[in-house]
Amino acid sequence: MRGIRLRLIVPGVVFLCVALVSFFPGLVAKRDPLEIDAARVLTEPGSDAWLGTDRLGRDLFSRLLHGGQVSLSVALGSVAIALAVGGVIGILCGAIGGKVDLLLMRVVDLFLSFPAFLLAITLAAALGPNARNAAIALAIVYAPIFARVIRSATIAEVSKGYCEALETLGVSRSKATWRHILPNISTPVSVQTTAAVAQALLIESGLSFLGLGSQPPTASWGSIISEGRVLLELAPWVVLGPSVLLSVTVLSLFLLGDSLREVLDPRSR
Amino acid sequence: MSKYLKAISSKYLASVCKTDCEAPGKSSRRKWPLGVAAFAVFVSVAFVPGVQLSAKSPSNKSGSACKTAGEAVGSLLCFKEGKKLVLRTSVLVAGTPAEPASLDPIFESNLASILVMNQLYDRLVRFTPALGYEPQLAASYAIAEDSLSVKFTIREGAVFQSGRPILARDVVYSFNRLRSSESINKGLYSAVTAVVAIGKNQVEFRLATPTPNALLSQLAVGPSYVMDSKVVTKNGNLKRVSGGSGAFSLQEWKSGSELILAKNNNHFNSPKTGIARLVFRVIPDEISAVSALRAGSINWFAFGDPTAASLLKGVAGVTYSNNPSLAYLYLSFNTTKAPFNSLDFRTAVSYAMNRSEILSLALEGRGEVTGPMVPALKDLALPLTSFPSYSFSVDKAKDLLTKAGATGTSLTLHVNGASAPQVAAAPIIVSQLAKVGITARIVTVDSASWFSILSKQGYDLILGQSGGAPNPDVQFFNSYTCTGAWNYSKICDAAYDDQIEVARAATGAARRLTYQKLQSRIVNQMMPYAFISTMDSLWGWTNDVSGFTPLPLVSDRRFDGVTIKSR
Numbered sequence: 001m002r003g004i005r006l007r008l009i010v011p012g013v014v015f016l017c018v019a020l021v022s023f024f025p026g027l028v029a030k031r032d033p034l035e036i037d038a039a040r041v042l043t044e045p046g047s048d049a050w051l052g053t054d055r056l057g058r059d060l061f062s063r064l065l066h067g068g069q070v071s072l073s074v075a076l077g078s079v080a081i082a083l084a085v086g087g088v089i090g091i092l093c094g095a096i097g098g099k100v101d102l103l104l105m106r107v108v109d110l111f112l113s114f115p116a117f118l119l120a121i122t123l124a125a126a127l128g129p130n131a132r133n134a135a136i137a138l139a140i141v142y143a144p145i146f147a148r149v150i151r152s153a154t155i156a157e158v159s160k161g162y163c164e165a166l167e168t169l170g171v172s173r174s175k176a177t178w179r180h181i182l183p184n185i186s187t188p189v190s191v192q193t194t195a196a197v198a199q200a201l202l203i204e205s206g207l208s209f210l211g212l213g214s215q216p217p218t219a220s221w222g223s224i225i226s227e228g229r230v231l232l233e234l235a236p237w238v239v240l241g242p243s244v245l246l247s248v249t250v251l252s253l254f255l256l257g258d259s260l261r262e263v264l265d266p267r268s269r
Numbered sequence: 270m271s272k273y274l275k276a277i278s279s280k281y282l283a284s285v286c287k288t289d290c291e292a293p294g295k296s297s298r299r300k301w302p303l304g305v306a307a308f309a310v311f312v313s314v315a316f317v318p319g320v321q322l323s324a325k326s327p328s329n330k331s332g333s334a335c336k337t338a339g340e341a342v343g344s345l346l347c348f349k350e351g352k353k354l355v356l357r358t359s360v361l362v363a364g365t366p367a368e369p370a371s372l373d374p375i376f377e378s379n380l381a382s383i384l385v386m387n388q389l390y391d392r393l394v395r396f397t398p399a400l401g402y403e404p405q406l407a408a409s410y411a412i413a414e415d416s417l418s419v420k421f422t423i424r425e426g427a428v429f430q431s432g433r434p435i436l437a438r439d440v441v442y443s444f445n446r447l448r449s450s451e452s453i454n455k456g457l458y459s460a461v462t463a464v465v466a467i468g469k470n471q472v473e474f475r476l477a478t479p480t481p482n483a484l485l486s487q488l489a490v491g492p493s494y495v496m497d498s499k500v501v502t503k504n505g506n507l508k509r510v511s512g513g514s515g516a517f518s519l520q521e522w523k524s525g526s527e528l529i530l531a532k533n534n535n536h537f538n539s540p541k542t543g544i545a546r547l548v549f550r551v552i553p554d555e556i557s558a559v560s561a562l563r564a565g566s567i568n569w570f571a572f573g574d575p576t577a578a579s580l581l582k583g584v585a586g587v588t589y590s591n592n593p594s595l596a597y598l599y600l601s602f603n604t605t606k607a608p609f610n611s612l613d614f615r616t617a618v619s620y621a622m623n624r625s626e627i628l629s630l631a632l633e634g635r636g637e638v639t640g641p642m643v644p645a646l647k648d649l650a651l652p653l654t655s656f657p658s659y660s661f662s663v664d665k666a667k668d669l670l671t672k673a674g675a676t677g678t679s680l681t682l683h684v685n686g687a688s689a690p691q692v693a694a695a696p697i698i699v700s701q702l703a704k705v706g707i708t709a710r711i712v713t714v715d716s717a718s719w720f721s722i723l724s725k726q727g728y729d730l731i732l733g734q735s736g737g738a739p740n741p742d743v744q745f746f747n748s749y750t751c752t753g754a755w756n757y758s759k760i761c762d763a764a765y766d767d768q769i770e771v772a773r774a775a776t777g778a779a780r781r782l783t784y785q786k787l788q789s790r791i792v793n794q795m796m797p798y799a800f801i802s803t804m805d806s807l808w809g810w811t812n813d814v815s816g817f818t819p820l821p822l823v824s825d826r827r828f829d830g831v832t833i834k835s836r
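Quick note, the sequences are listed as chains A and B, same order. Position 176 of the first sequence, counted from 1, bears residue number 176 in this note's numbering, the numbering being contiguous throughout. This note's numbering runs 269 ahead of the 1-based position in the second sequence.
Since the hints were made in silico from the structure, they are not lab data. A hint or two may mislead.
[As the list claims (entries may be wrong)] Some but not every residue of chain A turned toward chain B, in silico, with C-beta under 8 angstroms:
1) 34
2) 36
3) 41
4) 116
5) 129
6) 186
[As the list claims (entries may be wrong)] Some residues of chain B that are not near chain A, with every Cβ distance over 12 angstroms (derived):
7) 381
8) 411
9) 434
10) 468
11) 580
12) 629
13) 679
14) 699
15) 700
16) 719
17) 770
18) 822
Note that the coordinates shown come from a computational prediction; the quantities given were computed from them, not determined experimentally. Glycine included, every Cβ here is placed at the ideal spot set by N, Cα and C.
Isolated chain B, as found in the complex:
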């Protein structure tokens, strides 16, 4: 037997060794105790509890920490990419209630996509927590004296995730793409007549009307991202790739499960960002998110259901945060159909709604009853007493329904099943409408179908929610003008369209007065929406996360500048 083994080993060594090999018999006899010792050390380190390295393989894309050397070696064996073993890394796992449909700024405007795109792309400017503007990709901006153009200077040294420098022509390309016919967001830039490069690092936005504040506000929210033209050319679109300059780049997308982003070390805010890998994990059920936060399997989640969020109060190791936000809940009418095209009918519905009850029951009082402008914008917002139909009155509602010839109307009320506030508020509204003789049937739809139903007017009433905007120039223009990009109710009032242009161009007291007139017009003469209440932002994050600033603008959640302790 030993002769046979010797013969095999000498054959093997002969095949492997080219030079400097010792005679087989001598070397194997001398080295076997060393091999046994090495194996014993490996076994003890790998499998004996308590001997932990807290190591992690850089190529372990899921980012789960290797608890033992065995696991660490296993990770290396699984991902043979020749990468060295690092002992510590920082992975932040953020829960998201819905998976993005795509990551291309010209095709998306929903919150799930915006949440991820905010990390992949930079905008020229962004909102501060106090809702002022601060430069992001632009180092500075200047408004022309005639207010018909705004010039941006691009930040020095700004590069895309590919390492390519960002030039003025890239900004021009991005906004021409956003304004192109294939973009669903083209309506947001209808006031822009041209985007022109001036030299290598300056770009000028030219406007049809003197509305520079509206432009700045639009550029600071939504899909106003700067995109890498080469990535678009190479892939055809940006649906499942990242072609931006944001703080993170897309590394892997596991459909239906999670998106894995890696830190972009070229980003201007990179030194302040202590996250090596950012994982967005899809958790549609908020009660599951509570359990995941408690267990530490996710580090961050933005809640919609106040009851679920409140379960985090007093939980050790988890921070619970409840902040006022600009987001609000509303009931939208399809004004292209009878009887919803009747102002009397819409006003009757507004009278029938007990907004305080909806706020108290569906949102546990976490918000404020609101009109077209949220109370937080106190310089401009009209008091609720200016809107007679906001005072709950069953009798007035019934009178108006009789006047509209719509007593005993049956209708559908569409809600987005992914939104906990909508799902909670819908039965309350149905109950309130029943008291004035309106029979409403709730239709719950999934997030993927939501915008299709909105844009095709495939509904009677919609219980919707908006992320809100710090500047009414954008919201009031896009939501209620005849050709507005977000005008899903299809309301059209020529007098309003004329007035909004005046409001957007005005400043100081004139601006306030015009906007107050517009609010009154929206509720008392147009009524595309019956506004309900604002919704506080509810957050939970594990205590190893620091530097996260809850902004009142729910569509602007960012992780650059955030740090998570290495595990």
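So that you can see chain A by itself, here it is in the shape it has in the complex:
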């Protein structure tokens, strides 16, 4: 049990630290991420600039943290929207069933038949390149996934004896769903959520790398990597920071999801 707790705490703390410095970058990064300084172009990492500077002399440490704010906001925001929309669809389908389930699930299947990244690229390109539209595109990609997961979990719960007992006792279906089914499906949903945030973070970075996410001069991890790829031979530190932080964040989220599953579902131990 102690091992499981450790596996839960370590990635959780790592992710929280990344989120903390990203949403409150002023705590550690004192320079303006947009400040151009011709005298500091491509400065190597050092005491003056912890992660060095880019080709416009902008401080990379500051850009990395402010970029994290954009990347994490898009990932968390899109997953929150997807969870809300997909959750409503999944519960409706699972609890009501019938033609509503049949119809909505075919629409969900339609979206699931496209590769997630390709669908995100198509939607972001169609909506226009900016961070808000990238979040909308990601929400559209992930809503069907949540709908599927939540529907399956809801159907499993509805078929259990306690739901029949509630119905016999005259508890309304909506009340039973809200008070009893929802708490019982929280385990698969929370695990799915952590995995979805990690994947959304990767896709957001991909979109920004391709110029379909946040627009310059606003930084995001993907856009910093994109700007730095031409400098890979001359100034490798430009891509190093965002690449490492992106990997660490995604890894911590996946580990957190795994540990959550183990803690919340004793059968998986």
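With chain A held as given, fit chain B onto it using these hints.
Positioned in the frame of chain A, the structure of chain B alone reads:
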């Protein structure tokens, strides 16, 4: 078993042989050692490393060299067109950052299309590297004494790619098509009143005003190509076919990937051109172009990003070239909207821009700060000290913004995502505008949407670039007159329109003086653009390419006269 095989073989031979066939048993027994030997030779040549023919199938349209006899035979098998195997050929693969939208001169004016059309079509005249004129399709030209017409004599023996001789009436047809209502380039020929054929090989351009130099300059750049009327009639347009007389003809267009051109052996410069096949491969990412040049998978690329281009310095087998060009970067205002219709606002933006910083950071100093006329045209260009708003001053910018009632303005800055200099310069300009209280949001658009946004005024500010022109007669007329074909900012100043006609017709000192007055008027009284800096041409090509001459005019890149070593 052997009886069964014998029966089958005799049946087969009986069905194939009509006459002169030997009895099956005897002939097969005598010839099988020969067949085995032939098969062994084929296997050894085809699959043993080191046994290479460096062969190529003429019908292998991708032009990739066959390294072994096996591949060569494979190519022949793939393209059963009855063509013989040739041992060596010369293919030049040029990278291009964007795919042409089409190849019809009346519908295109963007650089990606012009780059390919330059190879497919000839103009009557063209610019020399020293920016003088030299005949191309015309053998000679003569300006009338009253300067109201120019007569061209077509080169003897000139033929279209179809083999049809080029006659004066084809030139008339081409320019009537370019001046027709469906042509997006019709405005470029507004001074031409008529194009008339005189006999079979002479054509006369008649002008409304005595501006023959402006005409020659216009005919030497852009879409002034001579087109084959029969190809247009047959296909309806020239969007995806080649109907010209250029050094190459379009053989295949693989959408989104590459255009394959074949050498036109009827071209007048054909003997000097050592390229059998010219391939334009779409490579949107410049860092990928660097890798491709290093690997030898492409042979030529024109760069926009100086950082990417500089990675080729010192690379074995690749030539890196950095040449001054006439191209320049500018900020254009949409003068149909407030507050951009205010001269004070536009001048404030000009004061807010630190041009030297933009040049240094975005272009790594590869260029010069410029006004309306690039410094290379030194006989005509005014010094920058003539333009007060070109001296960087945050205080003056703020004062003018207050005067214009435009403090705290928020605006969009459109950039073409395919242009590395624009993408690099945009954040610097946004940062500089922020210092005077202007909030600018960068909108990156793709090449396909760029001209639509320009022509429909769907923007506030545009960070654009121009290929430049050796002669201001064309640039100054088309960009800043009320009805100019390239007047995307929609600036309109009647006094300027009157003066430009005088400048275009003038010669010597009068011409210089009038153009200098016009430059001053453009910056100090009109300000359609805030000019930034020129941009050097950055090239990379593999060392097996020879004869390529980098011209200062970026819209005039040609491959006739270029040779690549056979591989």
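### Message
Check the structure against each numbered hint from earlier and tell me which ones fail, lowest number first.
### Response
Hints 4, 6, 11, 12, 14 and 15 are the ones this structure does not satisfy, whereas the remaining hints hold.
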